[in-house]
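> Residue numbers (the working numbering), protein chains in the order written: chain A, 498 to 650; chain B, 972 to 1115.
Source of the hints: derived by calculation from the structure; they are not laboratory data.
No residue lacks a Cβ here, since even glycine has one placed at the ideal position from N, Cα and C.
Everything hinted at is true.
Using C-beta positions, here's what the derived DEER-type ranges look like: (1) Met629(A) <-> Tyr1093(B): 17 to 23 Å; (2) Ser1071(B) <-> Gly531(A): 56 to 62 Å; (3) Met629(A) <-> Asp983(B): 38 to 44 Å; (4) Ser995(B) <-> Arg506(A): 43 to 49 Å; (5) Asp983(B) <-> Ile593(A): 56 to 62 Å; (6) Met629(A) <-> Glu1045(B): 36 to 42 Å; (7) Asn1085(B) <-> Val569(A): 14 to 20 Å; (8) Leu504(A) <-> Glu1112(B): 26 to 32 Å; (9) Arg1063(B) <-> Ile550(A): 53 to 59 Å; (10) Tyr1093(B) <-> Glu538(A): 55 to 61 Å; (11) Leu504(A) <-> Leu1049(B): 34 to 40 Å; (12) Phe589(A) <-> Lys1035(B): 37 to 43 Å.
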Amino acid sequence: MNVSKDLIRLAALGFVLGMVIGDIMVVAFTASEGMSLAAPELIDEFGELPAIIIQTLLSGVLGCICFGATIVYYKDEYSILAATCIHMVIAFLTLIPISNFLWWTGRVMEGNIVVLAMGICAYVMVWFSVYMSYRIQIQKINEALERRNSGKQ
Amino acid sequence: MRVDFIQDKEADDISVIVHAPSRSKDVDELIEAIRNYAPTPLSGYSEGVVTKLNKDSIIRIYSKDKRVYADTSEESYLIKSTLYQLEADLPRQFVRISNSEIVNSDKIIRLDLNLAGTIKVYLQGDIQTRVSRRYISKVKEVLM
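The following block holds chain A by itself, in its conformation from the complex (with noise of 0.2 Å):
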């Protein structure tokens, strides 16, 4: 495997998700309060076309970095759990001052309890569904060696 290369590739995809998503949830959360394309708090502070650029920007960036990071699911030296701790950790740290930064999370320490909470959720969802798509394949795969060696006999 080729980590730069698909390192290089794993983030440009994930800047134009990251772009994409970041919109499509902000017009989401906005829509009960008459849709907007970005937090009114960051439209507020930079005026509209501006919030919108640094928003759809900072997603990216945001994608970026979360997508990009998926590359620790390849090293082999690093088992599942390890992988999806760091991973969880390089979005964090990302995530928390970003959507700080866009009015995400309203800037206040609930938010981003709200925030974190959520992706705390969301990781250990992927962590038991790698893991349980995992311990599907070695149940086969024991299977077949049962069958397998039960022949022999």
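Model the placement of chain B on the given structure of chain A, informed by the hints.
Quick look at chain B alone, frame taken from chain A:
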């Protein structure tokens, strides 16, 4: 059983086609034997003595400190070849499980996954070693 030879000067490699009225256990065994045929014997070095290794007796082949070793149930031998070359030359029963190790699938007892997500393989001869997640699909392919 009839065995024919057809010369084909344009062929890149040796290929074998088995003709039979239907697929049977005998046909499958013959195909498996042909697949497992390895023309070059493997030489193992131990205490200055060279031994021709029976491939079926090899449990695993691994690299350590830039050297390649083959473990059998009796002894560990130094192999003067790279894992990459061996992977290409060894019969299909040998499967790569990590960057530094190839195992004989006939010697695998079972695999185990712990909560952290580390995969271990238990081999005959009381040997246990780690399987890279990247190679698990290859193990599955050989065994299933």
